[in-house]
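Q: Below are the chains, spelled out letter by letter.
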Amino acid sequence: AQSVTQLGSHVSVSEGALVLLRCNYSSSVPPYLFWYVQYPNQGLQLLLKYTSAATLVKGINGFEAEFKKSETSFHLTKPSAHMSDAAEYFCAVNLNNDMRFGAGTRLTVKP
Amino acid sequence: NAGVTQTPKFQVLKTGQSMTLQCAQDMNHEYMSWYRQDPGMGLRLIHYSVGAGITDQGEVPNGYNVSRSTTEDFPLRLLSAAPSQTSVYFCASSYSAGSYEQYFGPGTRLTVT
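Residue numbers (the working numbering), protein chains in the order written: chain A, 24 to 134; chain B, -17 to 95.
What the hints contain is simulated information worked out from the structure, not anything from laboratory work. These numbers were taken from a predicted model, which means no experiment stands behind them. Virtual Cβ for every residue (Gly too), placed ideally from N, Cα, C. Some hints here could point you the wrong way.
Unchecked claim - Quick partial rundown of chain B residues pointing at chain A, CB under 10 Å, derived from the structure: (1) Y13; (2) S15; (3) M23; (4) L25; (5) Y30; (6) A34; (7) G35; (8) G89; (9) L92.
When you get a sec, could you build the whole thing from the sequences and use the hints?
A: So, in structure tokens, the structure goes:
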């Protein structure tokens, strides 16, 4: 079965700094890949998804992610962090209806 | 358009009790799923359905039952609650399986004592 590994359970950046959240997946074939965000006491909201159309995917709120097949990675980036980006971020992989989420990375943004 | 709704928001059960978590969506989505969220473990898929009358097991199905008699509703049943089932449960739906965005409900926080 496929799996997802998110490197770093907590990431802290200063406001205006680059955000980089790491995600690696394991799958026998290229799966569908997603990044979701969860704000406190809420459900998850889709940031962006990879469906093989383009390796660089742009999402909401200025986030983007690049699919690198050779590295089995799908890292999430944002050039300049905003205080409102503080949340928990989940990488997920879907293969044959089997959806697997990573353990999550909590992003803190310092003023 | 209410999206995905879940009831109740909070529930406390004693070990051995049974209950049903309700989930409904008004977007005419074919695919619905249940997840549990535990600290440090992300979300884990319990059961899913690709359409009315069709359900299948996810990663952690033991102790849970589901049925899908209508497109709109996808209840999750705990047959005999155990402390290990203390968790936050999320229901989600999407137009179809695969690459489609899943829309999540607000969650149900369940405590089993």
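Q: Compare the structure with each hint and give your call.
A: The hints, checked one at a time:
| no. | hint | in the structure |
| --- | --- | --- |
| 1 | Y13 | holds (8 Å) |
| 2 | S15 | holds (7 Å) |
| 3 | M23 | holds (6 Å) |
| 4 | L25 | holds (4 Å) |
| 5 | Y30 | holds (6 Å) |
| 6 | A34 | violated (16 Å) |
| 7 | G35 | violated (16 Å) |
| 8 | G89 | holds (6 Å) |
| 9 | L92 | violated (15 Å) |
Hints 6, 7, 9, counting from the list given before, are not met by this structure.
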